[in-house]
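J.: Residue-level listing of the chains:
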Amino acid sequence: MGVTPYLILSAILLVLGLTIVISKRNAIVMLIGVEFILNAAALNLVAFSRHGIGGLAGQTAALFVIVIAAAEAVVALAIFLNFYHRIATVDIDRGDQLKG
Amino acid sequence: MLERLIFVLFALPAVVAGVAILLSTNIVRMAFWLITMLISVAGLYFLMGAYFLGVVQILVYVGGVAVLLVFGVMLTSRQLAPKLRPGPVETLWLATVSAILLLGLVLSILRAHTGMEPLPVPVANSPADIGHSLMGDFLGPFELASVLLLVAMLGAAYLARPKVPVQNPQGSKGGAV
Chain A
108 MGVTPYLILS AILLVLGLTI VISKRNAIVM LIGVEFILNA AALNLVAFSR HGIGGLAGQT
168 AALFVIVIAA AEAVVALAIF LNFYHRIATV DIDRGDQLKG
Chain B
34 MLERLIFVLF ALPAVVAGVA ILLSTNIVRM AFWLITMLIS VAGLYFLMGA YFLGVVQILV
94 YVGGVAVLLV FGVMLTSRQL APKLRPGPVE TLWLATVSAI LLLGLVLSIL RAHTGMEPLP
154 VPVANSPADI GHSLMGDFLG PFELASVLLL VAMLGAAYLA RPKVPVQNPQ GSKGGAV
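Residue numbers (the numbering used here), protein chains in the order written: chain A, 108 to 207; chain B, 34 to 210.
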């Protein structure tokens, strides 16, 4: 089995994540979409590593993707909690106070 | 043949999870589907021989990030949830854009050079090898990641600290900023 099935699955996950980020108004659900996108990227890296490109670099880079995803989830959730304390909702359409 | 079967066994739940999140309106169920997707991707890592990465995926993502998201859901879902399903016109636009993007990606993948076969022997990928890689070629990114994690921890603790809620910023009393 070549690298193509992994790439296609990764593309599907990327598009699904992007669609979730765009369509959902709930900030936490948007975060779920971002996790989809990051997982698609990491899957790509590992697939190429398995199929002889870059050696172990793909797996190490996927490890960094996981680290960055964890840090991103923590900070984003803290921001959303702040948002919730201020506006009493996580509807991102309500976060328009910076409008000029 | 068996590899193909196992691939489908893991790939299908991941895709189904994404579609289910798109169609669902219940946030807790979305978190469950997210966990399904994460475990499926971990299974694919195992299938590709990246055992250490699969374990890390389950530990960090399923054990950490997913639980964090569930906490976030429970802390913020007291109020009526925001609209989770777009209107018909928005759905049409969304489906069109997503379909075009997916089609473009898949076509370009299929047109690319795809004669790559998996290596007969997997690349050296024991935890020790990954450790050598982290301490060798990737020492700079490794140190940066440690700083990033520290900053994320401090930043999250600072941002999420308790303070007086401000309902109306235009009001006479500013309250905490």
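Honestly, the hints are just simulated from the structure, not real lab data. In this text the structure is predicted, and so the values were computed from the model without any measurement. Hints should not be assumed to be uniformly reliable.
[Said to hold, decoys possible] Computed beta-carbon distance windows for the label pairs:
| no. | chain 1 | residue 1 | chain 2 | residue 2 | range |
| --- | --- | --- | --- | --- | --- |
| 1 | B | I133 | A | G162 | 32 to 38 Å |
| 2 | B | P119 | A | D203 | 16 to 22 Å |
| 3 | B | T124 | A | I160 | 36 to 42 Å |
| 4 | A | Q204 | B | M168 | 17 to 23 Å |
| 5 | A | D200 | B | L140 | 30 to 36 Å |
| 6 | A | A164 | B | I39 | 24 to 30 Å |
| 7 | B | T129 | A | D200 | 17 to 23 Å |
| 8 | B | P160 | A | I160 | 43 to 49 Å |
| 9 | B | L143 | A | R201 | 21 to 27 Å |
| 10 | B | L182 | A | I115 | 31 to 37 Å |
| 11 | A | I175 | B | V100 | 31 to 37 Å |
[Said to hold, decoys possible] So, partial list: chain B residues that the calculated Cβ filter (under 10 Å) puts toward chain A:
| no. | residue |
| --- | --- |
| 12 | L42 |
| 13 | L108 |
| 14 | V122 |
| 15 | T124 |
| 16 | A178 |
| 17 | Y191 |
Where is the CB? At the ideal position from N, CA and C, for every residue including glycine.
J.: Determine for every hint whether it applies to the structure shown.
T.: Status of each hint after checking the structure:
no.: 1; hint: B/I133 / A/G162: 32 to 38 Å; in the structure: holds (35 Å)
no.: 2; hint: B/P119 / A/D203: 16 to 22 Å; in the structure: holds (18 Å)
no.: 3; hint: B/T124 / A/I160: 36 to 42 Å; in the structure: holds (38 Å)
no.: 4; hint: A/Q204 / B/M168: 17 to 23 Å; in the structure: violated (46 Å)
no.: 5; hint: A/D200 / B/L140: 30 to 36 Å; in the structure: holds (34 Å)
no.: 6; hint: A/A164 / B/I39: 24 to 30 Å; in the structure: holds (25 Å)
no.: 7; hint: B/T129 / A/D200: 17 to 23 Å; in the structure: holds (22 Å)
no.: 8; hint: B/P160 / A/I160: 43 to 49 Å; in the structure: violated (22 Å)
no.: 9; hint: B/L143 / A/R201: 21 to 27 Å; in the structure: violated (43 Å)
no.: 10; hint: B/L182 / A/I115: 31 to 37 Å; in the structure: holds (33 Å)
no.: 11; hint: A/I175 / B/V100: 31 to 37 Å; in the structure: violated (18 Å)
no.: 12; hint: L42; in the structure: violated (12 Å)
no.: 13; hint: L108; in the structure: holds (6 Å)
no.: 14; hint: V122; in the structure: violated (12 Å)
no.: 15; hint: T124; in the structure: holds (8 Å)
no.: 16; hint: A178; in the structure: holds (5 Å)
no.: 17; hint: Y191; in the structure: holds (8 Å)
This entry does not satisfy hints 4, 8, 9, 11, 12, 14, going by the numbered hints stated previously.
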